[in-house]
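> Sequence:
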Amino acid sequence: MPSASDLLDVALAAAAAGADVLAEAARERDASSDHLGLRTKGASGDVVTEIDLRAERAIRAALAAQRPDDEVSGEEYATTGSGSALRWSIDPLDGTSNFVRGLPHYGSSVAVQDVRSGAWLAGVVHAPELDLIYSAGVGLGAYRTSGDTRRRLHGPAAGATPVLLAVGFSYDPEQRIRQLAELPARMAAFTDLRSVGSAALGLCLVAEGSVDAFIETDLYEFDWAAGALIAEEAGVTVKRPATMRGGILAHPPHLPVE
Numbered sequence: 001m002p003s004a005s006d007l008l009d010v011a012l013a014a015a016a017a018g019a020d021v022l023a024e025a026a027r028e029r030d031a032s033s034d035h036l037g038l039r040t041k042g043a044s045g046d047v048v049t050e051i052d053l054r055a056e057r058a059i060r061a062a063l064a065a066q067r068p069d070d071e072v073s074g075e076e077y078a079t080t081g082s083g084s085a086l087r088w089s090i091d092p093l094d095g096t097s098n099f100v101r102g103l104p105h106y107g108s109s110v111a112v113q114d115v116r117s118g119a120w121l122a123g124v125v126h127a128p129e130l131d132l133i134y135s136a137g138v139g140l141g142a143y144r145t146s147g148d149t150r151r152r153l154h155g156p157a158a159g160a161t162p163v164l165l166a167v168g169f170s171y172d173p174e175q176r177i178r179q180l181a182e183l184p185a186r187m188a189a190f191t192d193l194r195s196v197g198s199a200a201l202g203l204c205l206v207a208e209g210s211v212d213a214f215i216e217t218d219l220y221e222f223d224w225a226a227g228a229l230i231a232e233e234a235g236v237t238v239k240r241p242a243t244m245r246g247g248i249l250a251h252p253p254h255l256p257v258e
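For reference, each letter of the sequence shown is one residue, going 1 to 258 in our numbering.
Note that these hints are calculated values from the structure, not bench results.
Among these hints, one or two may not hold up.
[To be verified] Each computed SDA-like pair below joins lysine to any residue, with the alpha-carbon atoms no more than 25 angstroms apart: (1) Lys239 <-> Asp192; (2) Lys239 <-> Ser195; (3) Lys239 <-> Arg178; (4) Lys239 <-> Val138; (5) Lys239 <-> Phe169; (6) Lys239 <-> Pro253; (7) Lys239 <-> Leu193.
Make the full structure from the sequences, and use the hints.
Right, dumping it as structure tokens:
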């Protein structure tokens with residue numbers, strides 16, 4: 001089994017390959033949106049573009065170059081390499097709606113899991129338009145890199161104010177109604193609310209302490225795989241869903257959230 005450090009290097013390279021596609025596409029998008037190939041998948045508002053597909057191909061190619069026998073599960077293409085000891089979970093463009101509308105909160109997310117134990121070993125969220133790379137390896141801590149500056153993440157500080165809750169909303173109308181109905185009770189411990197539009201970045205914001213908690217109740221594994229490990233390695237309590245689709249909750253130990 002490779003070390004967490006070695007796997008993190010692979011994740012960094014793979015996420016960078018996806019982020020390079022996103023960065024180039026953002027420049028093209030700003031000139032003309034005709035190339036996006038936008039279409040809806042599933043619920044209204046749940047969109048996919050040609051850029052999602054292109055970025056996933058780039059990430060898969062980077063993984064294949066260094067870990068050709070590993071299993072890879074992605075948002076846009078079928079799982080490959082079944083039966084291996086390691087499985088990569090990738091979201092080539094988390095925050096597609098933000099990307100389409102010209103908002104900078106999106107990125108490529110890459111994480112790797114030990115199939116036998118279920119443990120997540122390394123994860124990276126690379127947000128090119130923000131010039132931010134969040135990364136973590138199990139037992140190695142979590143970090144944020146911007147340009148030449150790299151700092152270790154320690155989660156939200158106790159006593160920080162205002163106390164911010166970050167949330168994500170489902171594209172499914174019935175799910176969204178339930179989420180909105182639950183918000184007043186959840187807000188009792190918080191002073192304000194944020195919705196970033198990317199679960200991966202929402203979890204990273206908790207890891208860096210910019211928000212105090214993140215919750216979203218309708219996600220797929222590739223949405224949270226990297227961000228959840230980054231938050232955990234920053235000392236944040238993370239409750240993952242028991243299945244490939246479900247809700248995730250991240251908060252510091254000093255601020256319990258239900």
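> For every hint, state whether the structure bears it out.
Evaluation of the provided hints:
1. Taking the CA atoms of Lys239 and Asp192, the gap is about 22 angstroms. The hint holds against a cut of 25 angstroms.
2. For the proposed pair Lys239 and Ser195, the alpha carbon gap of about 19 angstroms is at most 25 angstroms, so the pair holds.
3. With a CA separation close to 19 angstroms, the supplied pair Lys239 and Arg178 stays within the 25 angstroms bound.
4. In summary, the hint linking Lys239 to Val138 is supported, as the alpha carbons are separated by about 16 angstroms, within the 25 angstroms threshold.
5. Between Lys239 and Phe169, the direct Cα distance comes to roughly 18 angstroms. Compliance with the 25 angstroms bound is thereby established for this hinted pair.
6. For the suggested pair Lys239 and Pro253, the alpha carbons sit about 12 angstroms apart, so the restraint of at most 25 angstroms is met.
7. Under the criterion of a C-alpha separation no larger than 25 angstroms, the hint pairing Lys239 with Leu193 is consistent with the structure, at around 20 angstroms.
Every hint, counting from the list given before, is met by this structure.
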